[in-house]
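Colleague: So the chains spell out like this:
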Amino acid sequence: MVGTYSSAQIADWLVSGRNLFLTIHVFGVACFVYIVARRLVPLVRAQRDPRFDQPLARLGRVLKFWLGQWKHPRYNFAGILHILIFAGFILLAARAFTVLIVGVSETFVMPGLSGKSGHIYNIVTDYAATIVFLCMVVAAIRRLVFKPSRYAVPAKYGKGHTADAVFLLGLIALLMVADSLFAASDAAGHAQRGQPAETLAVLSLPWLLQVVTGSMPMATLWILNVTAYLVHEVTFYFLLCYRPFGIQFHVETSLFSIYFSKLERGTLKPVRWGVPDEHLDQVKSFGVKKFEDFTWKHMLDFYSCADCGRCADNCPANAAGRPLSPRFITIKARDYAFQHYPVLGRADNSNPLIGTIYSDDEIWSCTTCGACEEECPLLVEYIDKIVDLRRGMIDDGNVPQSLQKPLKALESRGNPYGKLEKKKADWVKSPELRQTGPVKVLDGKNGADTLYFVDSITSYDDRMQSIGRSTARILSHVGEDFGILGAAEKDSGHEVRRFGEETLFLALRDHNTDAIKASGVQRIVTADPHAYNALKHDYKDVPPVEHISQVIAREVKAGNIEFSPVENEANVYAYHDPCYLGRHNQIYDDPRDVLDAIPGLKRVEMKRSRDRSFCCGGGGLMLFYEPKEEQRMGVLRVRMAADAGANVIVTACPFCMVNIEDAIKVAGMEGKMSAIDLTELVDQHLVREGCIRAVCTGEEKLQTATCGG
Amino acid sequence: MEILVCARRVPDTSENEIEINAAGNDIERDELVYSMNEPDNYAVEEALQIRDRVGGNVTVVTVGGEDDEEILRRELAMGANRAVLISDDVFSGSDGRGIAAVLAAFVRQGHYDLILTGVQAEEGAAQVGGMLAALLDYPFASLVNSIVVEDGKLRVSREIESGNREINEIELPCVLSIQTGINEPRYVGMRGIRQVASLPIPTLGASDVGVDQAAVGGKAARAKRVDYFIPALSKGALILHRSREENAAQVLELVAAKGGLK
Amino acid sequence: MARIFAYIVHRGGAADDSAAELLAAARNIDSTVSPIAIVVGWGADLDAACDSLRASYSEIWKIANEALAYPNAELVRQALVSVLLPNSILLVPHDHFGIDLSPGLSIKLNSAFAPDVVGIDGVEGDFLKIVRQEFGGQVSAHVRCDISSGTVINIRPGAFKPGPSASGSGVVVDKSSAVGALEARRHYVETIVAEAGDVDITKHNVLVSIGRGIQEKENVTLAEELAEVLGAAVSCSRPVVDAKWMEKSRQVGSSGKTVKPKVYLAFGISGAFQHLAGIKGNPFLIAINKNPKAPIFQVADVGIVDDVLEFLPMLTDKVREMRGTSAK
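Residue numbers (our numbering), protein chains in the order written: chain A, 1 to 709; chain E, 1001 to 1262; chain H, 2001 to 2328.
The hints are simulated quantities; they were obtained by calculation from the structure and are not laboratory data.
Bear in mind that the values here come from a model prediction, so they are computed numbers and not experimental data.
Errors might be hidden in some of the hints.
Below 35 angstroms or equal to it, Euclidean Cα-Cα: the simulated DSBU-like pairs (lysine-lysine) are [unchecked claim]:
{"hint": "1", "chain 1": "A", "residue 1": "665", "chain 2": "H", "residue 2": "2260"}
{"hint": "2", "chain 1": "A", "residue 1": "147", "chain 2": "H", "residue 2": "2244"}
{"hint": "3", "chain 1": "H", "residue 1": "2108", "chain 2": "E", "residue 2": "1219"}
{"hint": "4", "chain 1": "H", "residue 1": "2293", "chain 2": "A", "residue 2": "628"}
{"hint": "5", "chain 1": "A", "residue 1": "290", "chain 2": "H", "residue 2": "2257"}
{"hint": "6", "chain 1": "H", "residue 1": "2248", "chain 2": "A", "residue 2": "422"}
{"hint": "7", "chain 1": "H", "residue 1": "2217", "chain 2": "A", "residue 2": "423"}
{"hint": "8", "chain 1": "A", "residue 1": "423", "chain 2": "H", "residue 2": "2161"}
{"hint": "9", "chain 1": "H", "residue 1": "2175", "chain 2": "E", "residue 2": "1153"}
{"hint": "10", "chain 1": "A", "residue 1": "422", "chain 2": "H", "residue 2": "2260"}
{"hint": "11", "chain 1": "A", "residue 1": "422", "chain 2": "H", "residue 2": "2280"}
{"hint": "12", "chain 1": "H", "residue 1": "2108", "chain 2": "A", "residue 2": "628"}
{"hint": "13", "chain 1": "H", "residue 1": "2290", "chain 2": "A", "residue 2": "332"}
{"hint": "14", "chain 1": "A", "residue 1": "159", "chain 2": "H", "residue 2": "2244"}
{"hint": "15", "chain 1": "E", "residue 1": "1219", "chain 2": "H", "residue 2": "2129"}
{"hint": "16", "chain 1": "H", "residue 1": "2280", "chain 2": "A", "residue 2": "423"}
{"hint": "17", "chain 1": "A", "residue 1": "672", "chain 2": "H", "residue 2": "2217"}
{"hint": "18", "chain 1": "H", "residue 1": "2108", "chain 2": "A", "residue 2": "289"}
{"hint": "19", "chain 1": "A", "residue 1": "423", "chain 2": "H", "residue 2": "2248"}
{"hint": "20", "chain 1": "H", "residue 1": "2161", "chain 2": "H", "residue 2": "2244"}
{"hint": "21", "chain 1": "H", "residue 1": "2257", "chain 2": "A", "residue 2": "332"}
{"hint": "22", "chain 1": "E", "residue 1": "1224", "chain 2": "H", "residue 2": "2161"}
From just these sequences and the hints, can you work out the full model?
Modeller: Written as structure tokens, this is what we have:
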């Protein structure tokens, strides 16, 4: 230990070692505090964001996602690497602080780490430092040699980040080496003098360094020791002060970004926290137009991004070649913050973000599938930001012409196709429904327990009406007392809201809420996951809602539904998780249980399934948007199904059906791949009373003696 | 530059089913949704863009009734400086010429450098702009799809056949009828309209604008619609069953009959 | 009965097809009298155009004026006001020129104006009975036009079928001197020809529209040939764009362009709602599809169950036959 030598002796070498070290401490901490304070400036000016509720739940998330590194193993190798590094850092924290303080207070020992526990701690941290060091080497090799694709920086986003990454890895490695050398030279020095020396962990880096330096002359050891100490201290403070300038800031901010992360799925932030819907007219400007329109938590997210690229790697828009990369949404915003709120110099913020760091298309390209948020280890949020940016564009009238038509139609007719309200329930007049699934329209004269919320596409689209019919027949089959709202039902507004047209959404929501309440139903069922999510999360004061797959699964388990064997045993089925049923609402098993209950049905999982499901291309207004893309998202998905060995894709969402069926044609896979909705498949296989074989779709009636369909 | 846009509220053909009423003298209007005539909307957007480039004011005017205020308010929400409704019972039954006379009287009261209208409305007449120009003795250009402001004049492009463009120089003051697609109109939603809900929209009568009453109204109209009717058209495709050659010949005949040969 | 005049559009010394159509329309007004053709222009082209009308029109008024070398509607209007007889009936084709010329002309002549006329039922005293369409063609209307002080009538191109070709020998009358100095505050500068590929399908009255039934990129040329002889444009449904057989600007549909043609020929298009949503104004829809159950047949006016790859060239040949041009 340095303390073995008196200050006077050290004075040979330096002005006063202790004073030097102290000065570095003071300077380093002051710099850090100043830098962090400057980094907080935009957050202080940002919009409010209430994230201080439910502390226990939040602490739970910290334990799971921060301490537990829960998301990291989703990418095996990098995940393990990071867990080791993170664990190492946590373990080494006390040691690092001890080393730092020792330069100023020679006899300092961390409380709780004196005596035996101290020695054990030192052994453990010897290994920890070694592992961290090795991880740095492996990480650097990975970056420089293997270059995983998600780290690549497309030319339009600027220079690559590898140099900076390797620089940081090098510094951390240096820190480990400095610490190890400090411990090694200290132990060697004591050992040479015959004094009690710290036992270094066998084969650890400090141990190895002790082996190397053990027989060096004292003076050398002392120089090594002081140098190692200085290097350690300077590197430590350099890193501390450098981190807030780049992606390493996540070391400090991750705890907060995770603690303050969003607790609910599927919801959207309101236009302005603290402003109820009725008072929105008073808000002068909607959405995010300039940087300070973001909330402080969003800004914290920008600081917290570790540039790992997992979000972009899973973003279906990115895979399709659309101009959207979630990673760069964050990195560009972070760079904007660094540039316009500099540590040195005045903050300057008057620019609009759209047209400068973001392009229109970039923001309109997002389907809000949530794959990015699902993947991010730091729980960075994206959907709220994209929606806020869209709100800003809509507020400024900056809307693609292709979207203006359906928005106008929604305003005047309550559906994006511009079709007449009175035709909304025309699909129930189909002869196929008469016997097996007649549908009541809840118009005041009729009432029912359950509302089947059909929503626009299933009501008006010729192909999707089949989903409506199948759902109606299934509900009848299980004895549900249900009805539809008919002309009184307007579009759920789910996509309208996610496209940023909050005012129109509120009008649709309020209209529908009144209609639902007037109908007197006790619960709602829908076959449309977007409507499901809207009714569950965007609507207030409506009865509880279920997706039809949940209803079917429950009835199957209760033994109320019997399925006939699958028609063609050679078919291989793959279930495609719709984003708003699966990822956003975590309903993964019910549809699968239903499929598995059909005798003889062969089912395979696609490579990306459940919470990693790959968005079909988006629903609602996204069907009207004309993206610039190289491939259709649906085509990529259909190929995934083929790769999994399937020839039938089962979906549980009408928009997925539109995109998948289109994609099958575009990919030229007609005849080799087909798509069917869960409700249609179930409907085809229901064993109905009296039917020997029940494939009663109404189109081709099988000749059975007692078929009532 | 002082710009006037003459606009009109029309039943939206894309969001309505147009049916003839029982009496046969009008379309069934009960369930119609109305909106700004699309070419007029492009005209307003063009006016706003010109104003934002060279300065000035944009006024939007319509001849109609209080129902028509909604489109005026939508254009105010879009960014127009002023909106005026010209309404009077004596205008009832006016043909295009009558409407043009009303607008001409209004124009003479003010000072406008540029008057824009959409190329046509739901009647497909495409007449008011040209008539207005002739009444005012202003130069006129129709089907304008691009406007460049120069000193005291405009360089405009007209849409002619085959996607070609006819470039003209036209002196101010002038009247232009605007073709759709000249620009990308900005979006106006319910929120925008709410924000201008309290802006005043003055209503002027016949005597306010000083139009000669003999020139307007049903009595003065020289073209009057007698009735509406649906020409005989079979529902659902008529399937042609003959040989390929005969079918092709018949298709050609039908195309020609429907005005498809140029 | 007032004199009937027909304004002749001509290019490069040849009269436009509308000349024959106006003649046919005039017959509906008064079958006993032959209308007078009015031709304005300059130089050899004007003379050639006048000559070409001799067979069909009995009297042709020629107005030669250097200012009218290019038909600037503002100048043409002044010329016509000087030349036309009072209270005349003037027929003009309802094209981009007629839209430019006629409304203002009717004011200057103090005449009535009937735009985009698709049918003429005859004269009843001081009134001309005509047929127009409104609401994008969804309804038709009978209109009575007061022609006591004359009228300008814009005739929809293609609405009147030309009669049998005549072989008369009309007389060309030079009326150039009746026109004084022509001055306007609008000056023609130039015409910019559209680049190939600059086709705006929303502006075409006839569309040859293709879907996946075209099967391969190479087969798109079959549609292009038909479009060329028809004077139409080729449009398509989304799968064709996605397959990169045509540009996005050609796509008709809810995520493509909205078109309002008069005639829509759908080749190998299934008729998905998203595609049909882009077709407005109730055009005459002819569908050719291999699949008799294709939804397009629900909405088409006329349908043919056939292989589009065979039908397209057959139809192209028929059009060529009719036009009198030989197959290439």
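Colleague: It remains to establish, for every hint, whether it holds in the given structure.
Modeller: So, going through the hints one by one against the coordinates:
Of the supplied pair hints, the one linking residue 665/A and residue 2260/H holds, its CA atoms being roughly 27 angstroms apart against a limit of 35 angstroms. Only pairs whose Cα atoms come within 35 angstroms are accepted, and residue 147/A paired with residue 2244/H is accepted, the gap being roughly 33 angstroms. Between residue 2108/H and residue 1219/E the CA atoms are separated by roughly 20 angstroms; this keeps the pair inside 35 angstroms, and the hint holds. At most 35 angstroms may separate the alpha-carbon atoms for a hinted pair to count; residue 2293/H and residue 628/A meet this at roughly 33 angstroms.
Proposed proximity of residue 290/A and residue 2257/H is supported: the alpha carbons are some 33 angstroms apart, at most 35 angstroms. This hinted pair checks out: residue 2248/H and residue 422/A have alpha carbons roughly 34 angstroms apart, not beyond 35 angstroms. Taking the CA atoms of residue 2217/H and residue 423/A, the gap is near 39 angstroms; set against the 35 angstroms cutoff, the hint is violated. Between residue 423/A and residue 2161/H, the direct Cα distance comes to roughly 39 angstroms. Violation of the 35 angstroms bound is thereby established for this hinted pair.
About 33 angstroms separates the Cα atoms of residue 2175/H and residue 1153/E, which keeps this hinted pair within 35 angstroms; it holds. Between residue 422/A and residue 2260/H the alpha-carbon distance is near 25 angstroms, which keeps this suggested pair within the 35 angstroms criterion. Only pairs whose Cα atoms come within 35 angstroms are accepted, and residue 422/A paired with residue 2280/H is accepted, the gap being roughly 20 angstroms. Between residue 2108/H and residue 628/A the CA atoms are separated by roughly 51 angstroms; this puts the pair beyond 35 angstroms, and the hint is violated.
As the CA atoms of residue 2290/H and residue 332/A are separated by approximately 52 angstroms, the hinted pair breaks the 35 angstroms bound. The straight-line distance between the Cα atoms of residue 159/A and residue 2244/H is roughly 32 angstroms, inside the 35 angstroms bound, and the hint therefore holds. A distance of roughly 18 angstroms separates the Cα atoms of residue 1219/E and residue 2129/H; the hinted pair therefore holds under the 35 angstroms criterion. The suggested pairing of residue 2280/H with residue 423/A holds, with an alpha-carbon distance near 19 angstroms, which does not exceed 35 angstroms.
At roughly 21 angstroms between alpha-carbon atoms, residue 672/A and residue 2217/H fall within 35 angstroms of each other, so this suggested pair holds. For the hint pairing residue 2108/H with residue 289/A, the CA-to-CA distance comes to about 53 angstroms; that exceeds 35 angstroms, so the pair is violated. Of the pairs offered as hints, the one joining residue 423/A and residue 2248/H holds, with about 31 angstroms between alpha carbons and a cut-off of 35 angstroms not exceeded. A threshold of 35 angstroms between alpha carbons decides the hint, and for residue 2161/H with residue 2244/H the separation of about 39 angstroms lies outside it, so the pair is violated.
The hinted pair formed by residue 2257/H and residue 332/A meets the criterion: a straight-line CA distance of about 34 angstroms does not exceed 35 angstroms. For the hint linking residue 1224/E to residue 2161/H, the alpha-carbon distance of about 26 angstroms falls within 35 angstroms, and the restraint holds.
Of the hints listed earlier, those the structure fails to meet are numbers 7, 8, 12, 13, 18 and 20, in rising order.
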